[in-house]
Structures are given as C-alpha cells and as structure tokens.
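There are 2 protein chains.
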Amino acid sequence: MFSKACEYGIKAMIYIAQQEVGQRVGLKQIAQVTESPEAFTAKTLQILARNGVLVSFKGPTGGFSLSKDSSKINLAQIVKAIDGEEIFTGCGLGLEKCDASRPCPVHFKFASVRDGLSLMLHSTSLKELADGLDAGTVFLTQ
Amino acid sequence: MFSKACEYGIKAMIYIAQQEVGQRVGLKQIAQVTESPEAFTAKTLQILARNGVLVSFKGPTGGFSLSKDSSKINLAQIVKAIDGEEIFTGCGLGLEKCDASRPCPVHFKFASVRDGLSLMLHSTSLKELADGLDAGTVFLTQ
DNA sequence: GGTTTAAAAGACAATTTGGTCCTTATTAAA
DNA sequence: TTTAATAAGGACCAAATTGTCTTTTAAACC
Ligand code: FES
Ligand code: FES
Numbered sequence: 017m018f019s020k021a022c023e024y025g026i027k028a029m030i031y032i033a034q035q036e037v038g039q040r041v042g043l044k045q046i047a048q049v050t051e052s053p054e055a056f057t058a059k060t061l062q063i064l065a066r067n068g069v070l071v072s073f074k075g076p077t078g079g080f081s082l083s084k085d086s087s088k089i090n091l092a093q094i095v096k097a098i099d100g101e102e103i104f105t106g107c108g109l110g111l112e113k114c115d116a117s118r119p120c121p122v123h124f125k126f127a128s129v130r131d132g133l134s135l136m137l138h139s140t141s142l143k144e145l146a147d148g149l150d151a152g153t154v155f156l157t158q
Numbered sequence: 017m018f019s020k021a022c023e024y025g026i027k028a029m030i031y032i033a034q035q036e037v038g039q040r041v042g043l044k045q046i047a048q049v050t051e052s053p054e055a056f057t058a059k060t061l062q063i064l065a066r067n068g069v070l071v072s073f074k075g076p077t078g079g080f081s082l083s084k085d086s087s088k089i090n091l092a093q094i095v096k097a098i099d100g101e102e103i104f105t106g107c108g109l110g111l112e113k114c115d116a117s118r119p120c121p122v123h124f125k126f127a128s129v130r131d132g133l134s135l136m137l138h139s140t141s142l143k144e145l146a147d148g149l150d151a152g153t154v155f156l157t158q
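Sequences listed follow chains V and Y, in order.
17 is the number of the first residue of the first sequence in my numbering; add one for each residue after it.
17 is the number of the first residue of the second sequence in my numbering; add one for each residue after it.
Source of the hints: derived by calculation from the structure; they are not laboratory data.
Don't take each hint at face value.
It does not matter which identical chain is meant; a pair holds if it fits inside one copy or across any two.
Unchecked claim - Below, a list of computed lysine to aspartate or glutamate pairs in the DMTMM-like style, where the Cα atoms sit at most 25 Å apart:
(1) K20 with E112
(2) K113 with E51
(3) K125 with E54
(4) K84 with D147
(5) K59 with D131
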C-alpha cells in the first residue's frame, strides 16, 4: 500500500508529534523508537523537511520538530510528500490517467475505495494518533 | 496499490472473460488488446494458471481460457494469486502482523479502508467487468 | 513421423526501491 | 576559537520488481 519510506515517515512523524511543542528529537532516537533503519529514515525526514511539514536543526541540541501544530498536520500531507499523488488519484489498473469519462472496468468500484482512503488520510491528524500513543491504546512497534 | 504484474493480470483476465465460454485466446492477442508487455504478461498468466483460475493449452489452437464461469471468478482471487495476501491483511505501517489486540496508531482507520477494498475485490466478478466492456461503457486502454 | 504453432521455463538485463556509508555543512557549547 | 554534535548530501550497494530473450515442451495438422 505505502512504500517503506512512507511507513517509516509516518511512524517518525507520529513520534515527533508526541513530544511537547517545540521540543526537538534526534534522528537516532526516532529510528530507535520506530525500529526503522537510521540512515534511510534520515533521507525520508529530509524529504518531509523539504516539504515543510517538518523543521530540522543541526548541531548539538539539533533534531527535528513539527513545522506546525500536530492537529494541523494530517496523514495525507505526509503520504503525498513521500509517495506522491498516485495513491490519491491513480487508476487501479494502471491506465495513464483515471478518467471517469473513459473509465477502466474497475473504475467506479475502485475509485470509491480509493476516495475512502483519501478521505481517511486527509481527516486523520497527527494529534489524534499521538494521543492514542499517549493513552497506551496503540503502539509504534510489535 | 497493485503491482504491474497484477494490473496486467487483471486486464488479461477481463479480456479472456469477454470471450465465449471455452474459447481460447492467444498471448499475443491478449498483450495487444491490453497494451501490456507480451513476455511479462506470459509470466503473469503462468502464475494465474498455476493458481487454477486459468487454463492454458499449447500448440496450434492453443491459448488461455478461464477455468470456470466468469461469474465464479472474482478480483480477489486474481490479486491474491499475483500479489499475495499483504493487501488484504497487512498493517498500514508495515508492522509484521496487523493485530487488533496490539494495534498500530492507524489500525482502526486503516483496517476499515483495507476491509472495504477487500470486500470490493471479493464481490466483483469477472463477469460484470466483461459485461461493462461489452456494453462499451468501460475500456481496457486509454 | 515431421513440421509448425504456442505456452512453459529459465537465464538474463534494466529499473526502481530500499538501505548503508562517508564526507560536508552548520550549530551549540566548552 | 576550537571541539563536538547533528543533519544534509552524495556515492555507493543490495534486493525486489519489471521486462526481454532464448530454449524447451506439448499439441495440432499435414
Ligand atoms: S480509470 Fe481506472 S480507476 Fe479510474
Ligand atoms: S496493526 Fe497496523 S493496521 Fe492493523
């Protein structure tokens, strides 16, 4: 469904969202808590920083923090930054363009599922996910 | 969402389902109509044949035909044969096992979308897709 | 039986994705 | 001002996916 980079990116963002506002978290810690490969996660965080959902700081006391309140960042922004728009708008059978005026055989059934996914991603904020972690009802690892 | 192999496989199956019962279609024709790479499509059809949704015949008058009525084959069987079960049961954040008793942060939202996709795939038969093609309301290419 | 046709099988190549490592740039603190 | 810490960037490697090509196997037809 999502790329590995995207999975790592989402987990990292949720963990960062758990910190108190403005607090920075280092790459090493992020990779450890999310059980993600450190160097590869670094690349992904760079992408997220370039896309403006994350800010990064070098040097001692450096690290990463959210660019805005966790309630203002949703999963769709993260997925779009890392995996692109394909999953939001692409054809289920790989036609160059999903077009309701020249639909592929699965278009209507697929588009409705795909739009459901899109709605879910757009309507899920980092805040609620981090809150679940705080409450201990959900987990970042197994 | 689906692999290229799976996209080609689904398109091929729909086209085969369009033929009259028992009628065989050759690889070349399938690849042409679906605009898929011939040799790669061949591999995919082999997988589908091994998985029993397709039967193949060698020699002159050879080709492929469905192993049973097109109303008895659904998209889930095809996707499962080619891409495996990951998409039906896998965790949205890549945890080894999606487990409601130790859910990841996106579990409940993701699982509902994923189950919607699964339901769609299980409840969509090749027959209805081929019927759409026959009716000229949908298309295999752009 | 020999010839032709078409799928199966397997080797191989190209591309994309996933992942590591090393150097550089930047910043805080001693 | 030097040193240490940390992210950025780029080169590189590994694995999976996508794709091609050649040989083998099976079947029809003469
Ligand atoms: S055209 Fe294929 S999903 Fe819309
Ligand atoms: S545990 Fe992640 S989706 Fe179920």
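Taking the hints in turn, this is what the structure says about them:
no.: 1; hint: K20 with E112; in the structure: both (24 Å within a copy, 13 Å between copies)
no.: 2; hint: K113 with E51; in the structure: between (37 Å within a copy, 15 Å between copies)
no.: 3; hint: K125 with E54; in the structure: neither (39 Å within a copy, 28 Å between copies)
no.: 4; hint: K84 with D147; in the structure: within (16 Å within a copy, 50 Å between copies)
no.: 5; hint: K59 with D131; in the structure: neither (29 Å within a copy, 32 Å between copies)
Of the numbered hints given earlier, the model fails hints 3, 5; all others are met.
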